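Residue numbers (numbering that gives the first Met the number 0), protein chains in the order written: chain S, 0 to 485; chain R, 0 to 484.
Think of the hints as simulated: they come from the structure by calculation, not from any bench.
Because the structure is a prediction, the values reported are computed rather than measured.
Backbone N, C-alpha and C fix where the C-beta goes; we use that ideal spot for every residue, glycine too.
Lysine-lysine pairs mimicking DSS-like chemistry, simulated, CA-CA at most 25 Å apart:
#1 S:Lys83 to R:Lys378
#2 S:Lys451 to S:Lys394
#3 S:Lys83 to R:Lys375
#4 S:Lys83 to R:Lys326
#5 R:Lys343 to S:Lys83
#6 S:Lys397 to S:Lys468
#7 S:Lys481 to S:Lys441
#8 S:Lys451 to S:Lys463
#9 S:Lys83 to S:Lys270
#10 S:Lys227 to S:Lys217
#11 S:Lys481 to S:Lys450
#12 R:Lys354 to S:Lys83
#13 R:Lys343 to R:Lys326
#14 S:Lys221 to S:Lys270
#15 S:Lys270 to S:Lys217
Not close to chain R: a few residues of chain S, all C-beta gaps over 10 Å, as computed:
#16 Ala76
#17 Arg177
#18 Glu195
#19 Asn224
#20 Arg246
#21 Val266
#22 Leu289
#23 Arg298
#24 Pro302
#25 His345
#26 Lys347
#27 Pro362
#28 Thr412
#29 Asp424
#30 Ala438
#31 Ser472
Sample of chain R residues facing chain S (criterion: CB under 10 Å; computed from the structure):
#32 Leu201
#33 Ser316
#34 Ser365
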Amino acid sequence: MTDPSSAYEVVIGLEVHAQLRTRSKMFCGCPTDFGAPPNSQTCPVCQGMPGSLPVINRRAVEFGVRTALAFHCRVNAGCRFARKHYYYPDMPKNYQISQYEEPLAEDGWLELEAFGQPRRIAIQRLHLEEDVGRLVHEGTLETARASLVDFNRSGVPLMETVSQPDVRSPEEAAAYLRAFRAILLYLGVCDGNMEEGSLRCDANISLRRRGAPDLGTKVEIKNLNSFKNVQRALEFEALRQREALDRGERILQETRLWDADGGRTRVMRGKEQAHDYRYFPEPDLVPLELSRESVEAARAGLPELPAARRERFVREHGLPAYDADLLTQTRALADYYEAAVREAPHPKLVSNWIMSELLREIPADDERALAASPIPPRHLAGLLRLVADGTITGKIAKDVFEKMLRSGEDALTIVAREGLTQVADAAALGAVVDEVLRANPKAVEDWRRGKKAAAGALVGQVMKATQGKANPSVVNSLLEAKLSQL
Amino acid sequence: MLTQLTVHALVEQFRGGAATPSAAARAYLDRIAAVDPSVRAYLTVTPERALAAAAAADARWRAGRPLSSIDGAPIAVKDLLCTKGVRTTCGSRILEHFVPPYDATVIERLEAAGAVLLGNEPPGTRAMGSSTEHSAFFATRNPWDLARVPGGSSGGSGAAVAADLAAAALGSDTGGSIRQPAAFTGTVGLKPTYGRVSRYGLVAFASSLDQIGPFAKDVVDAALVLRVIAGRDPLDSTSADVPVPDWVAELGRPIEGLRLGVPREYFVEGMDPEVEAAVREAIEVLKRLGGRAEPISLPATDYALAAYYLIAPAEASSNLARYDGVKYGSRAAGARDVIDMYSKTRAEGFGPEVKRRIMLGTYALSAGYHEAYYGKAQKVRTLVRRDFDAAFARVDVIVAPTTPNLPFKLGEKEDPLAMYLNDLFTIPVNLAGLPGLSVRCGFSLAGLPIGLQFIGRPFDEATLLRAAHAYEQATRWQARRPPLP
Numbered sequence: 000m001t002d003p004s005s006a007y008e009v010v011i012g013l014e015v016h017a018q019l020r021t022r023s024k025m026f027c028g029c030p031t032d033f034g035a036p037p038n039s040q041t042c043p044v045c046q047g048m049p050g051s052l053p054v055i056n057r058r059a060v061e062f063g064v065r066t067a068l069a070f071h072c073r074v075n076a077g078c079r080f081a082r083k084h085y086y087y088p089d090m091p092k093n094y095q096i097s098q099y100e101e102p103l104a105e106d107g108w109l110e111l112e113a114f115g116q117p118r119r120i121a122i123q124r125l126h127l128e129e130d131v132g133r134l135v136h137e138g139t140l141e142t143a144r145a146s147l148v149d150f151n152r153s154g155v156p157l158m159e160t161v162s163q164p165d166v167r168s169p170e171e172a173a174a175y176l177r178a179f180r181a182i183l184l185y186l187g188v189c190d191g192n193m194e195e196g197s198l199r200c201d202a203n204i205s206l207r208r209r210g211a212p213d214l215g216t217k218v219e220i221k222n223l224n225s226f227k228n229v230q231r232a233l234e235f236e237a238l239r240q241r242e243a244l245d246r247g248e249r250i251l252q253e254t255r256l257w258d259a260d261g262g263r264t265r266v267m268r269g270k271e272q273a274h275d276y277r278y279f280p281e282p283d284l285v286p287l288e289l290s291r292e293s294v295e296a297a298r299a300g301l302p303e304l305p306a307a308r309r310e311r312f313v314r315e316h317g318l319p320a321y322d323a324d325l326l327t328q329t330r331a332l333a334d335y336y337e338a339a340v341r342e343a344p345h346p347k348l349v350s351n352w353i354m355s356e357l358l359r360e361i362p363a364d365d366e367r368a369l370a371a372s373p374i375p376p377r378h379l380a381g382l383l384r385l386v387a388d389g390t391i392t393g394k395i396a397k398d399v400f401e402k403m404l405r406s407g408e409d410a411l412t413i414v415a416r417e418g419l420t421q422v423a424d425a426a427a428l429g430a431v432v433d434e435v436l437r438a439n440p441k442a443v444e445d446w447r448r449g450k451k452a453a454a455g456a457l458v459g460q461v462m463k464a465t466q467g468k469a470n471p472s473v474v475n476s477l478l479e480a481k482l483s484q485l
Numbered sequence: 000m001l002t003q004l005t006v007h008a009l010v011e012q013f014r015g016g017a018a019t020p021s022a023a024a025r026a027y028l029d030r031i032a033a034v035d036p037s038v039r040a041y042l043t044v045t046p047e048r049a050l051a052a053a054a055a056a057d058a059r060w061r062a063g064r065p066l067s068s069i070d071g072a073p074i075a076v077k078d079l080l081c082t083k084g085v086r087t088t089c090g091s092r093i094l095e096h097f098v099p100p101y102d103a104t105v106i107e108r109l110e111a112a113g114a115v116l117l118g119n120e121p122p123g124t125r126a127m128g129s130s131t132e133h134s135a136f137f138a139t140r141n142p143w144d145l146a147r148v149p150g151g152s153s154g155g156s157g158a159a160v161a162a163d164l165a166a167a168a169l170g171s172d173t174g175g176s177i178r179q180p181a182a183f184t185g186t187v188g189l190k191p192t193y194g195r196v197s198r199y200g201l202v203a204f205a206s207s208l209d210q211i212g213p214f215a216k217d218v219v220d221a222a223l224v225l226r227v228i229a230g231r232d233p234l235d236s237t238s239a240d241v242p243v244p245d246w247v248a249e250l251g252r253p254i255e256g257l258r259l260g261v262p263r264e265y266f267v268e269g270m271d272p273e274v275e276a277a278v279r280e281a282i283e284v285l286k287r288l289g290g291r292a293e294p295i296s297l298p299a300t301d302y303a304l305a306a307y308y309l310i311a312p313a314e315a316s317s318n319l320a321r322y323d324g325v326k327y328g329s330r331a332a333g334a335r336d337v338i339d340m341y342s343k344t345r346a347e348g349f350g351p352e353v354k355r356r357i358m359l360g361t362y363a364l365s366a367g368y369h370e371a372y373y374g375k376a377q378k379v380r381t382l383v384r385r386d387f388d389a390a391f392a393r394v395d396v397i398v399a400p401t402t403p404n405l406p407f408k409l410g411e412k413e414d415p416l417a418m419y420l421n422d423l424f425t426i427p428v429n430l431a432g433l434p435g436l437s438v439r440c441g442f443s444l445a446g447l448p449i450g451l452q453f454i455g456r457p458f459d460e461a462t463l464l465r466a467a468h469a470y471e472q473a474t475r476w477q478a479r480r481p482p483l484p
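Same shape as in the complex, but just chain S (with noise of 0.2 Å):
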């Protein structure tokens, strides 16, 4: 679809609603903890109790103003909540409480890299709603004789995020929901689970001729549980409209749903299916105004976004931009890079090992599994200084992170306990050396015979015998000595 020869130009604007992690929901008091047993997290007021009201969640605004602040958005000094109409089991009221007209921010943008360039994709408006409950099905929805229903999550805070549709490619449609994660994390207002619901993605997708000033007509695609998912449907939906437009048929407005098994697109309801919202003023709520002083402080309070640490990485620490981009996906693993550097101030060295061993074994982008790694960022640190200043070689480095990383040990507890300090004194290892060449006799006449690759066997033939201990430049050196006399 990126291909820049093809006819349309392909135009996509994402709507995505993050849980936001507070700890009581939108309009009540009740907790919002993941996985506790059906209906023990609800109130009168999360399961639509007559009489019941509600009551706005001060830290949901908080944490709306600080990420409409970092997506670079206008906070609305007052903003009201609307009804929108729409019957559902899974929703108690049977409306849901949301932002229609006055949302809490607007016209924003996101910033992201695609194809190596950077890219600005305009943010529309940001505003906050509650999420509705779960249905249980008893076997599957077509053939259940009954369905339960769990309010858990009902009332749980939402953000949504509705961007321009800007994007042009469903792989940029990709990097934009990674680096709208990014930002969510590093604000700490979601946790940014896509599986488990916390990050929700929709997106809308129409095509156009290259060069048109009008829109194509949109079709949305609901169900995209997971970045690769997002593109993989948009990707399939792109060429879907393609080949429609190119038989010459017309693209209907529709809300489509991807099915990941099958990796395509169908459709769920079409324009004379779709709801009308009935949205009016919430009138149980007043509206909610935000002055400027309070908007200025939680400007002020913003942690430093993933765009200036990358940028910071790279001029203060030096490290490549290749680097810098992957260690700042998470804040948890870039404070995870920080907390090392600080104790083992080497840079790329950290940066190497996280990338090719720590990560190894913890994903990305998982802040929790980073958050319980056995091998915390001073542990990290502690193994890299011994290996800066020669203590131990790089190859006993790796069985030492082996093993750290199941015992939970420090490096230097385990160096030490078996013996693994690098050794480096000449004479030591000149015997050893002398040694390896007695006991090699075929290798060293290869190498006089100027197969000079048998040197290579020889210096293995030392880190053997000395259990990987040996100082590799001070074997080579010694072994070309050696040879060249014999």
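Once you have looked at the hints, place chain R on chain S.
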């Protein structure tokens, strides 16, 4: 007879030891058993609960430590206020078996003040309509003439107080549903300023209009009960953080020099001449007490009714959406799927008047009509508010009839439009969020009570109560009792 006493007279007896809360509660329960079968003011009576609360109040009075100046007073509440563990139906089939798991804030406050709750009064179905005929279960009668309606939708509360079946009662007022039945039953009915009393636990009809208020035997009692239930509630974001004054202490002050506005638009062609005469006479009484009456104009009044019948149904259609058979209340049997369950449940559970309003409201909010109906109605609402603002720049309180008519016979007003017109003088007050009070100001030749309405500035219940009290003290209307055993 204890049941004839006002709350303040009854409490004086508790204080002096001449009577006990238990004796009062038993007297009321006995009278309910004897008289309510003909008046039908109660949907649910809770004798055990009442007697237990009364016994606790006995002990407090004996120890000389009452909780408040209404401690031990037997009070009834409209069946639209959630009371933990007590069936709350809203007078509707759809909530026939609903037992709330929580108390409305006003119920908590009444109980914290020591009130003895006797039971629940039937509202018209979903607090809709000018008469309590629309209750799904039975029709409440007007104690002054059992063939007539007590008004609605808090007609049950008005009838209970008028018939001495409760010392005071709570109702709710959306478009006049406290003041109109107060006028019809000759009781004092007060709709406080929007935001004065918490709506938490009031089953919502039209959220931006609903307000809870007291029915009482006289103005002092209305002030006493209001003081207990008023004040900011963190559970209701629309409740106002405004000080709650001691209204009773203010009541004695003379009304010398009080500027009374008499709105031209509230004396209309076609209103009952007996009502008009009684209200005009009442204004003369107020003038003799030192009030200075002057004509005012509230020109948006003509459009207020139309605006109300868009805004109220729009909000109602939304508030009533939750009654779907999924969670509580009744659920229709034999549904094929969830949509069918919704349809059947709502078709069976709601009465025709409610359905009419849900349809009106849904239409007014629907795409393509939203701006023309709901949007326009909001603009009218602003104009109504401005009318009052302008009037209150010149006058301190507005006096007017509460209703254009006398209580009508059961089944008399079949035409919904004619019924809607009955709310002409009460609706603008809700649209503007102002306090309004109805007090008895005479009787028709046939012996039916007539209501005088006072309308005040936002949060100025003090002036309403003072003016109404002065009027009440200067006349003898309060002495008359309905022709009941």
